[in-house]
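Asker: So the protein sequences, as listed, match chains D and E. Counted the way our numbering counts, the first sequence spans residues 464 to 571. Counted the way our numbering counts, the second sequence spans residues 510 to 621.
Hints listed in this document are in silico derivations from the structure and should not be mistaken for laboratory results. Remember, it's a predicted structure, so these values are computed and weren't measured experimentally. Misleading hints may appear alongside valid ones.
[Unchecked claim] Label-pair ranges, simulated between beta-carbon atoms: (1) D:Gln477 <-> E:Thr514: 36 to 44 Å; (2) D:Arg521 <-> E:Asn568: 34 to 42 Å; (3) E:Asn568 <-> D:Pro471: 25 to 33 Å; (4) E:Arg524 <-> D:Thr483: 39 to 47 Å; (5) D:Gly479 <-> E:Gly537: 33 to 41 Å; (6) E:Glu562 <-> D:Asn481: 39 to 47 Å.
[Unchecked claim] So, partial list: chain D residues that the calculated Cβ filter (under 7 Å) puts toward chain E: (7) Gly504; (8) Gln505; (9) Leu506; (10) Asn557; (11) Asn558; (12) Gly562; (13) Thr563; (14) Gly564.
The beta-carbon is built from N, C-alpha and C at its ideal position, and this holds for glycine as well.
Below are the chains, spelled out letter by letter.
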Amino acid sequence: GIQVEQSPPDLILQEGANSTLRCNFSDSVNNLQWFHQNPWGQLINLFYIPSGTKQNGRLSATTVATERYSLLYISSSQTTDSGVYFCAVGAGANNLFFGTGTRLTVIP
Amino acid sequence: DAGVTQSPTHLIKTRGQHVTLRCSPISGHKSVSWYQQVLGQGPQFIFQYYEKEERGRGNFPDRFSARQFPNYSSELNVNALLLGDSALYLCASSLSGQETQYFGPGTRLLVL
Chain D
464 GIQVEQSPPD LILQEGANST LRCNFSDSVN NLQWFHQNPW GQLINLFYIP SGTKQNGRLS
524 ATTVATERYS LLYISSSQTT DSGVYFCAVG AGANNLFFGT GTRLTVIP
Chain E
510 DAGVTQSPTH LIKTRGQHVT LRCSPISGHK SVSWYQQVLG QGPQFIFQYY EKEERGRGNF
570 PDRFSARQFP NYSSELNVNA LLLGDSALYL CASSLSGQET QYFGPGTRLL VL
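The shape of chain D in the complex, shown without the other chains:
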């Protein structure tokens, strides 16, 4: 299967700070999603972004498919942004391969 590496594994931010999360993948993909998993385990869709750039409020994401990486930007972080961020990719088959996640803690 496709290998997905996320960095950093852990990140601690002061409220109001900005951050960049990275996702590298080992093969060409036609599906890439970013998720936020809250403390109760719910995976919340942030972006469907197999290529290009998207923005949604304080969050934005860029995928450079030819170089096999994606970036998630969080600006003006809030305590409610805390949780684990997952990148998941798919390549023609019907399943998503998940990375091991970035655990973000935002302190007030």
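Chain E: place on chain D using the hints.
Answerer: Frame of chain D; chain E shown alone:
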């Protein structure tokens, strides 16, 4: 519109028992996928169903099985439970299986 729903939310079983987990997709979605997430790891793919047919299977033993019903809801069955089956089981729905997947809240299974 309701999102993906799963039942039960929590479950405690003992080794050797059998368990059935249920999932209802978002209205209009015809594909359901199942994932297992053990503590500290990302979810791992178990099955995908589309129009009641199995379209993909991950690297899980035959103790794991699933099916999809005519109303597109799905069941995941696990036989002969092992301690290592303790995990969060997530269901995801999508229109046809190859686009944005939406996850349910999960079922937390503890095997003692």
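Asker: Where does the structure disagree with the numbered hints, that is, which hint numbers, in rising order?
Answerer: Violated: none.
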